[in-house]
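A.B. asks: Sequence:
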Amino acid sequence: MSEHDFTMPEAIAEAKRCLNCKVPQCKKGCPVSNDIPDWIHELSMGNLGNAMAIINAKSNLPAVCGRVCAHERQCEGNCVLGKKGAHINIGKLERFVSDFDTAMNLTREKLVRKDRGRVAVIGSGPAGLTIAGELARKGVAVEIFEMEREAGGVLMFGIPEYRLPKDVVKKEIAKIEQLGVTIHCNTTVGCDLTVDDLFNCGFDAIFMGTGTGKPKRLEIPGGDLWGVRQAIYFLRRVSLFNAGYIGRDEVPVKEGDRVFVIGGGNTAMDAARTAVRLGAGEVTVLYHREIDTMTALRAEYDDAVAEGVKFRWNSSVKEIHDNDGILNEIVVETNGVAAPEPAQKVIMAVGNAPASRIVSTTEGIEVDEKGYVITREFPYGMTTRKGVFAGGDVTNRPATVVHAMQDAQKVADGMLRYLDAIKLLETIEGDEGVS
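Here the numbering used here is used: the first residue of the sequence shown is 2, the next is one more, and so on.
I should point out that these hints are in silico values taken from the structure, not numbers from a laboratory. Keep in mind that this is a model prediction, so the values were computed, not measured. Please note that the accuracy of each hint is not assured.
Pairs of lysine-lysine, BS3-like flavour, derived with a Cα cap of 27 Å [unchecked claim]:
(1) K371 with K411
(2) K424 with K371
(3) K111 with K171
(4) K17 with K139
(5) K411 with K59
(6) K319 with K387
(7) K111 with K29
(8) K319 with K411
(9) K215 with K387
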């Protein structure tokens, strides 16, 4: 148990503070409409099994959401007690309930007969795992195809250990597997096999939850030097090192490095704080606007400052210099004044775009001018290729883990409508053949 976690008496005492509002603003603030007052009320009476059942009805990844959701902008930010500066610690309570449920093995869901169709899910990030859980609970046989050696996507390789312990992610994934979901790792759709191959294997529908794995770049002189790394690449290397898959020498940031992080989102905060943990000599975040326009959570910024990360506002990198191919200096412009500064590493956290691996190997899937997959409203989430659905970051809708889950839940409903329609047509055609 972390020092930041509730004990049982503390959790129940905190739950008892909830007013159980008739019109709960906290629920309105939750992207997946979690029935927050209901499960908190059960917790307040010590009914943890009931609390978990209520949470599971709306969330497939509660232990994850309890840790990485933007609570201050969502549920907790809308709690009526927040007006008095004492909102219910909803995220911490959700984390407590889900962790206790896992530790005590309270929830053992009955396996539903899988007779509603077969679905292949490409990618095992938040969207893919949510789709798998939603469909498996409703009678669909689901198989996930993941390119990495472990499932979890951004949860495993994009969010640092200090924010989201990988053991927690593995346990959440294990619960989804217990619903009858099969996961194939080290399998890249678009390389090892195609969407057409999956249809030929007998899948009725396919879900693309591949996220945005292609980092955006800043086109500046020196931007292709070895010491310049993308944040998602950097965070992935650190996760691989922590898991024992690679050595410390394969992680870009070395002890004592002077590191500059470009960006103002949560990924930039993750990269900066991770660099500090790796022993960087100095870490500075450069953001081209003011602090109030950052997309990062204020709590993440505050924690970064507390850990020694420096911030420079209205600042951008104009050039990156090297000495015999080794990065040694950057030119930073702050409020219109440019000056050189020594540096060993530059980490870019300026956004990502969807990879084209699947689209380029599949006919009929259209994308917009930025490469995001185009989907329809009915059935929700279907692409321009019949039977192929998409959701999450690859469609340019969500921005966080819980928003990807929210979108995936809507896509799951669309896929169920599609699968049921297929079954109905097969039944009608079968009856006509008999007659």
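A.B. asks: Hint by hint, note whether the structure agrees.
C.D. replies: Against the structure, the hints come out as follows:
For the hint pairing K371 with K411, the CA-to-CA distance comes to about 23 Å; that is within 27 Å, so the pair holds. Restraint check for K424 and K371: not satisfied, since their Cα atoms lie roughly 36 Å apart, outside the 27 Å limit. For the hint pairing K111 with K171, the CA-to-CA distance comes to about 20 Å; that is within 27 Å, so the pair holds. Between the alpha carbons of K17 and K139 the distance comes to roughly 34 Å, so the proposed pair goes past 27 Å and is violated.
The suggested pairing of K411 with K59 holds, with an alpha-carbon distance near 12 Å, which does not exceed 27 Å. Proximity of K319 to K387 is assessed by CA-CA distance (about 46 Å); at most 27 Å being required, the pair is judged violated. The hinted pair formed by K111 and K29 fails the criterion: a straight-line CA distance of about 30 Å is larger than 27 Å. A C-alpha spacing of about 43 Å is found between K319 and K411, which places the hinted pair above 27 Å, so the restraint is violated.
Between the alpha carbons of K215 and K387 the distance comes to roughly 26 Å, so the proposed pair stays at or under 27 Å and holds.
When the structure is compared with the earlier hints, violations turn up for hints 2, 4, 6, 7 and 8 and for no others.
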